[in-house]
Every structure is written in structure tokens, then in C-alpha cells.
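Starting from the structure of chain A, add chain B where the hints point.
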Amino acid sequence: MEKEAIEKFGLPIVQDEKSGALQWVDLRELKIRYTISVENTKNFFEALKEGKLLATKCKCGRLFFPPQKDCPSCMKSEMDWIELKREGELETLTVIFVRPPSFSSYDPYTVAIAKLDDGVRILSWLKGDPKKVVPRQRVRVEVSQRKEGYLMFELVPI
Amino acid sequence: MSENVAIIGVGHSKFGTRKDVNIPELCWESMKPAFETANLEPKDIDFFVVGTAGMWSSEQAVPALIAEYADLAPKGSMRVEAACATGNAAIRVGYTAIKSGLADIVLVLGVEKMQESPNPTIIEMIGRFGSYFWEFENFGLTFPGYYALHGTAYMLRYGATEEDFARVAVKNHYYGAKNPYAQFQKEIDVETVLKSPYVAWPFKLFDCSPITDGSACVILASEEKVKEMGIEEKVWILAQGVGTGTANLSRREDFTSLASARFAAEQAYKIAKIEEPAKEIDGANVHDCFTAPEIIAYEDLRFCKRGEGVELIRNEQTYIGGKIPVNVDGGLKAKGHPIGATGVSQAVEAYKQLLRKADPGRQADVRNGRWLTHNVGGTGHYTYVTIYGLEKR
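Chains A and B supply the protein sequences, listed in that same order. So the first sequence is numbered by our numbering: it starts at 21 and just counts up by one. So the second sequence is numbered by our numbering: it starts at 14 and just counts up by one.
Chain A extracted, bound-state conformation (with noise of 0.2 Å):
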């Protein structure tokens, strides 16, 4: 669009097709790409390939998942890798009809929180027809392999 603005005025300025104000193209995209840190929390990425979920517990008890490195009840960072049992119930759901461009190459999906008999909430993808659960249904934890071909948990309807 702006290539053709610049081709015909030398100027990357087009006109609004609603209200026909003049629009300067911005020349100067930009990508975004984060890298996040998980060295702390590689336990759990590492349990994925085993099929099992993790959380992390700290010595004075306290269950935390998505699991965190630092204890704010008792000030402590000593903690526990705990396997999470993986069976819950399902408490919400939505289907994700207009999906972010960065999701586009996914069918409508249904994201879901469910609690887990562990105590632990946790918010996933939920495999197969939305239209099929029942209120609370009985939900298990799994973990399948995504279309860019990495490893996530999902929930399945029991």
C-alpha cells in the first residue's frame, strides 16, 4: 500500500478509505520476540516429557502452581518439585472464536480452568467438542504435542 503511495505522490501517504483523511504509512515495522527465562522453573518443562505436570511446594506447605521459585509466606526459596495428581473438575470455559494473528493457524479452541484434586487451579486448553461437557465435569491433565511441535498440557474430559 505504501509502496504504491511512494510510486505515485513520493510520499507513503494514502487516503483513509472510510473517512478519506490523509494517513502516512509507517515505514518502520516492528517485530516483537521475547525470550523469557525458565531456568528456574526447567523441572517442570522437563516433567512435560514425561508426561507429568509439576508444581512447586515449599517446606512451610504452601502448593504453587504455575509453580514459583520464591516462598512470600515464609520468605524462603527452598522448594519441592511435587507431581500434581492430574484429575480435577472443570469450572469455566470459553471458545476462542477471533484468535490472535499468532494463533490463526488453529481452529477455534476452547480455553477452561479446572481445579485439580490437588488443591491447584489450572488454565488450559480443553480438548475436544465444548459442547459436549456438563457442569463440572471430571477433567484429566495430558500432555500432547502442539502443531509447532513442542510439548503442552491440555485438559480431557473423562
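By construction, these hints were calculated from the structure, which means they are not laboratory data. C-beta: ideal position from N, C-alpha, C; glycine also. A portion of the hints provided could be inaccurate.
Unchecked claim - Some chain B residues near chain A, calculated using beta-carbon distances under 10 Å:
| id | residue |
| --- | --- |
| 1 | Asn35 |
| 2 | Asn52 |
| 3 | Leu53 |
| 4 | Glu54 |
| 5 | Glu129 |
| 6 | Ile136 |
| 7 | Pro157 |
| 8 | Arg264 |
| 9 | Lys283 |
What the hints assert, rightly or not - Restricting the straight-line Cα-Cα distance to at most 35 Å, the calculated cross-link-like pairs of lysine-lysine (DSBU-like) are:
| id | chain 1 | residue 1 | chain 2 | residue 2 |
| --- | --- | --- | --- | --- |
| 10 | A | Lys151 | B | Lys199 |
| 11 | B | Lys32 | A | Lys28 |
| 12 | B | Lys32 | A | Lys152 |
Using the frame of chain A, we list chain B on its own:
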């Protein structure tokens, strides 16, 4: 130190698709009337606060931009961000600056020019207002999706329906049609909402607030300045409560309510000595970024008991003449939701309602002289509840 702080000037741009102006021009559109109603000039401002979430628009240094455009340099300033509660967070900064005695007159501007980016880019960015890694990166939650999780939970627990949610959109469009600054000035019916395509089940297009360009501005002054300048037209900030929620929804206990909103509301009610909000307040602007959250707001603000919010909308009790009028400027739903401007726009509406300056057909009865605003950032990640009054505390 100033015990009391008043809004002495207000301005509001037309909300909508504003391809006709750039960012400083859009700012000036609300700043100019704010200066005029306060009878002040840029040189009179001690400090200014700009609420803008940015990202989707080109200019990030908006305080400096308006310092240049509107002759506010070299006065002090601050840019504030609190997702969709950015506007009220900016008011918080101005309010506390005056309360603490560091400033006497503060200009608070909220602005967003979201449509400098295409819609898909905005959907991409706005989905990142929760826990980036555990919610967006791996599960592609969108902003409608976050609130839809609450809408579903509310339907499951209290038997509300998609039709009930639609009634909120119908009400807010009804009043938006009477607000010349609103993005959508057209009435709709329940059918229109129900027939619109799904965005994030159970929300359809007409359950969602739009992507908006707009600005709103208020000028705050200390009690001393109000006296000194002999200002008659003003509203006082009686109380403000602020709450914060967890980033991950999975770290919360309940999805039929926002804990940060309940916390902020109780804090504000305590300061303002309000016990029965629906009886002691003349009306409210609540954060209806989607339809269901307006119903949840009725309950979080104690306009009714938990689970009875849906009855309020079914029985049209939040229209003018009902138990408590809500969003009679069209709300975020019809007026539009330019992220950083929304909280300031709510304050402008509180000023107009209390001083009986609202447009014909949307002026509430002012009996108690009190108006409430409820501005939520993210999905209850931040909540600001502010109570305005004709009489100071």
C-alpha cells in the same frame, strides 16, 4: 496538604474512529474544553498526568508530546499505565499529588489512538494483559476470552443466559444514542446482539466494547485553590479505593466476581461512609468492556446481592428511573473504550451528571449528589472505584 480535591474542568473528545487527527490533536480536543471550563491556561498547571496504554500507537512519550503541543513544558509530568484502568490510575496520581500538597492544580489526560494499528494487531496485543506466559503464549487467550470465562461461570452458577447479557448491550446502546461523543449512537435490540457472530463464547460481537480512538481530560484542584478562584462548578473526589488481582486467573478462587473490585469498592465506601450504595448514590459508570462484567459489577459494588445482578438488568433497574442508573452515557459498550481515556471519561461523566449537564434524555435524578465510577484494568487485575460528590466530605 489538601484534605479535599475537586474536578474543576472537564473535556471529552468525540470517541470513535479518528483518522482525522493525530495523537496531540486528539489530546487537545479534550484539553481545550477542560481549560475553558476551569477558566485556566496551561501556565496555571503545576503537574500533569497522562494515562495511555500505548503499544498500538506510534507516539509513546505522550507527556512530552503534549508538553510541547500545549505549552505545558517545563512542568512535571508522569505517564501512567494500568491496562484498561489506566485513566482512573492517572486520576489517582493527580489526586494523591494534590492531597499530599505537592501540587495545587493537576491536569489529568487519558488518551488512546488504538486504530493506528490494524484490528488483528490489537487483538494480539490486548490478549497479553494477563499472565503473558501461562495464559497467552501457550493458550492464546484474548481479552473477550478472559471475561467470557467469567460470563460462563456466572451463567453456570446463577442461571443467567446469553439473552440476559444482551440486555446490557441494549441499555448501553440506548443511552449511547443520546451521547454525541459516543462511538455508536444507534439503538439496538436483543436480536441484534444474539444474531451477531461469536467472538469468544458466550460473547458475541455486540457483547463487546469496540476498539476506539479518543481522549478525555479533567483538571483537579486543591480546596484552597477552589476557594481562591471562587469556583462554583465543581465536583469533589469523596473517596477512592484501589485493588489488585493476581495475574493468572488460575490463581483465583471464583470467576463470578472480581476480588479487586470488591476490595476497591469497600475501601471507597468506608472512606465515603456509604453503607447502602444503591440508596446513597445517584448513579454509576461501571466497566462494561463486555456485557457480563457489567452485571458482575452490580454485585461487586453491592448494588444488589450476589447472584441478583441479572435480575437488575432483566427488570431494567439500571435505566434512569430504576434502582440505580448505570452507564447512562453508553458505557464502554456504546460510547467506546479508548483504553487510557476510559477512566477519565467516566470522571467527566460523573461531573456532568452531578452538575446536571448531561445531554437530554440521559440525565439521571440527582438526589444524593453522589456518583460512582468503577474502572477495571485487565480482568480485575486492577480496579479503581472513585466516588464523586457535590458536597465535600
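Going down the list of hints, with the structure as the test:
Proximity of B/Asn35 to chain A holds as hinted, the smallest CB-CB distance being about 9 Å (cut-off 10 Å). Interface restraint check: B/Asn52 against chain A, minimum CB-CB distance 33 Å, threshold 10 Å, status violated. Checking B/Leu53 against chain A: minimum C-beta separation of about 31 Å lies over 10 Å; hint violated. Of the supplied interface hints, the one on B/Glu54 is violated, with its beta-carbon coming no nearer than about 30 Å to a beta-carbon of chain A, more than 10 Å.
With 10 Å as the threshold, the beta carbon of B/Glu129 comes within range of chain A, its nearest partner Cβ sitting at about 8 Å, so the hint holds. The beta carbon of B/Ile136 is positioned within 10 Å of a beta carbon in chain A (closest approach about 5 Å), and the interface hint is therefore held. Annotation: interface hint on B/Pro157 holds; nearest CB of chain A at approximately 7 Å, less than 10 Å. Hint status for B/Arg264: holds, given a least beta-carbon distance of 7 Å to chain A, under 10 Å.
A least Cβ separation of about 26 Å between B/Lys283 and chain A goes past the 10 Å threshold, and the interface hint is therefore violated. Pair hint A/Lys151 plus B/Lys199 holds up; C-alpha atoms about 34 Å apart against a cutoff of 35 Å. Pair hint B/Lys32 plus A/Lys28 holds up; C-alpha atoms about 22 Å apart against a cutoff of 35 Å. The straight-line distance between the Cα atoms of B/Lys32 and A/Lys152 is roughly 45 Å, outside the 35 Å bound, and the hint therefore fails.
Taken one by one, the earlier hints fail for this structure at numbers 2, 3, 4, 9 and 12, listed in ascending order.
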